[in-house]
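With the sequences and hints as input, model every part of the structure.
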Amino acid sequence: MRRLTPEAEVLVDSLGAMAEESIADVGVDAAREQEIGLEPDREPSLGSVRDATFEGSGGDVPVRVYRPGAGTVGTVVFFHGGGWVTGTLDAAEGFCRSVAAQAHADVVSVGYRLAPEHRFPAAADDCYDSLTWLEDNGDSVGVDGSRLAVCGSSSGGNLAASAALTARDRGGPRLHAQALVCPALDTRTDRPSHTDPGTGHFLGTRDMEFFWDCYLGEGRAPATDPRAVPMTADDLSGVAPALVVTAECDILQSEGSAYAEGLREAGVEVESSNYTGMFHGFYGFTNDLEDARRCVSHVAGYLATQLKRQGSGS
Numbered sequence: 009m010r011r012l013t014p015e016a017e018v019l020v021d022s023l024g025a026m027a028e029e030s031i032a033d034v035g036v037d038a039a040r041e042q043e044i045g046l047e048p049d050r051e052p053s054l055g056s057v058r059d060a061t062f063e064g065s066g067g068d069v070p071v072r073v074y075r076p077g078a079g080t081v082g083t084v085v086f087f088h089g090g091g092w093v094t095g096t097l098d099a100a101e102g103f104c105r106s107v108a109a110q111a112h113a114d115v116v117s118v119g120y121r122l123a124p125e126h127r128f129p130a131a132a133d134d135c136y137d138s139l140t141w142l143e144d145n146g147d148s149v150g151v152d153g154s155r156l157a158v159c160g161s162s163s164g165g166n167l168a169a170s171a172a173l174t175a176r177d178r179g180g181p182r183l184h185a186q187a188l189v190c191p192a193l194d195t196r197t198d199r200p201s202h203t204d205p206g207t208g209h210f211l212g213t214r215d216m217e218f219f220w221d222c223y224l225g226e227g228r229a230p231a232t233d234p235r236a237v238p239m240t241a242d243d244l245s246g247v248a249p250a251l252v253v254t255a256e257c258d259i260l261q262s263e264g265s266a267y268a269e270g271l272r273e274a275g276v277e278v279e280s281s282n283y284t285g286m287f288h289g290f291y292g293f294t295n296d297l298e299d300a301r302r303c304v305s306h307v308a309g310y311l312a313t314q315l316k317r318q319g320s321g322s
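The sequence shown lines up with residues 9 to 322 when you count with the working numbering.
FYI, nobody ran anything at the bench for these hints, they're computed from the structure.
Hints are supplied without guarantee of correctness; some may be wrong.
What the hints assert, rightly or not - Label pairs and their computed distance ranges (CB to CB): (1) Thr61 / Arg317: 43 to 49 Å; (2) Ala25 / Asp233: 31 to 37 Å; (3) Gln42 / Glu279: 32 to 38 Å; (4) Glu143 / Pro200: 37 to 43 Å; (5) Thr232 / Pro14: 41 to 47 Å; (6) Pro200 / Asp243: 24 to 30 Å.
For clarity, every value in this text was computed on a predicted model and none was experimentally measured.
Note that the Cβ used here is the ideal one computed from N, Cα and C, for glycine as well.
This is the structure we're talking about:
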């Protein structure tokens, strides 16, 4: 059985029911209300932070642009988690600020449309549209649209993988990297990390079933579309180099590892890292967990390295 590290176990125990409650019981509206009351993490300080919008194929999409200062290595386009139904620009603030500061990269966080009001492909369209907008109009918000990477956590990791596949299939924009942090990539719930009793903190199988139903709709007809479920792609070759981060005690660990292996087998340059004894969303607890701080630094370092390289990407 998978086990939390002592440090992670103390944190999970201190949060009590919050670590175990299911959104299927709480409901989407209540979960969103809880997010509204959270104070955004305004650290570390940066050169500038500004809000903007762009016109996507489905209407105006809000973004938040983080700029650490002059001479950045490129632009990281970030897609937040929340099961495609929750998540806000404010909730992603701390992670985006840290990546911007440590990678010395501009970060553009995308406020894509949420399910169940907007089912697939709304979020996937907004995320891919953000890449084409930045490629053509990056200078309008002061960032380099010619050197792009994508990054996402949880359902945002799904959207980052989806955007990388779409960029390959549509001939651009060129991506230098994709960083997938505890990504949701498959609708299957029979993989080892789903069935291990040592997983399920902060995200259980019941939660993922609920999230997939909200995102894909009744009958889950899009479940065979790789833009919705990247694990179903017949061909993973030619996508951007990838970092895949997993957590041992996360129900999504097995699919993340399987996707990383599938990318390798397809000839994609892949770096993977599994955080022993960590749970889903651990990377958000940088004030409490050394592994969370190490994870954010790893993601930032990887993105900086890839954005500096010549000739990488799709």
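Status of each hint after checking the structure:
Checked against the hint of 43 to 49 Å, the pair Thr61 and Arg317 fails, with Cβ atoms roughly 31 Å apart. Checking the proposed 31 to 37 Å range against Ala25 and Asp233 shows it holds: the Cβ atoms sit about 36 Å from each other. For the hinted restraint 32 to 38 Å between Gln42 and Glu279, the CB-CB distance of approximately 34 Å keeps it satisfied. Between Glu143 and Pro200 the Cβ separation comes to about 39 Å, which falls inside the hinted range of 37 to 43 Å.
Separation of Thr232 from Pro14 is about 42 Å and conforms to the stated range, judged on CB atoms against 41 to 47 Å. One distance hint, 24 to 30 Å for the beta-carbon pair Pro200 and Asp243, holds here, with the actual separation near 25 Å.
In this structure, the one hint that does not hold is number 1.
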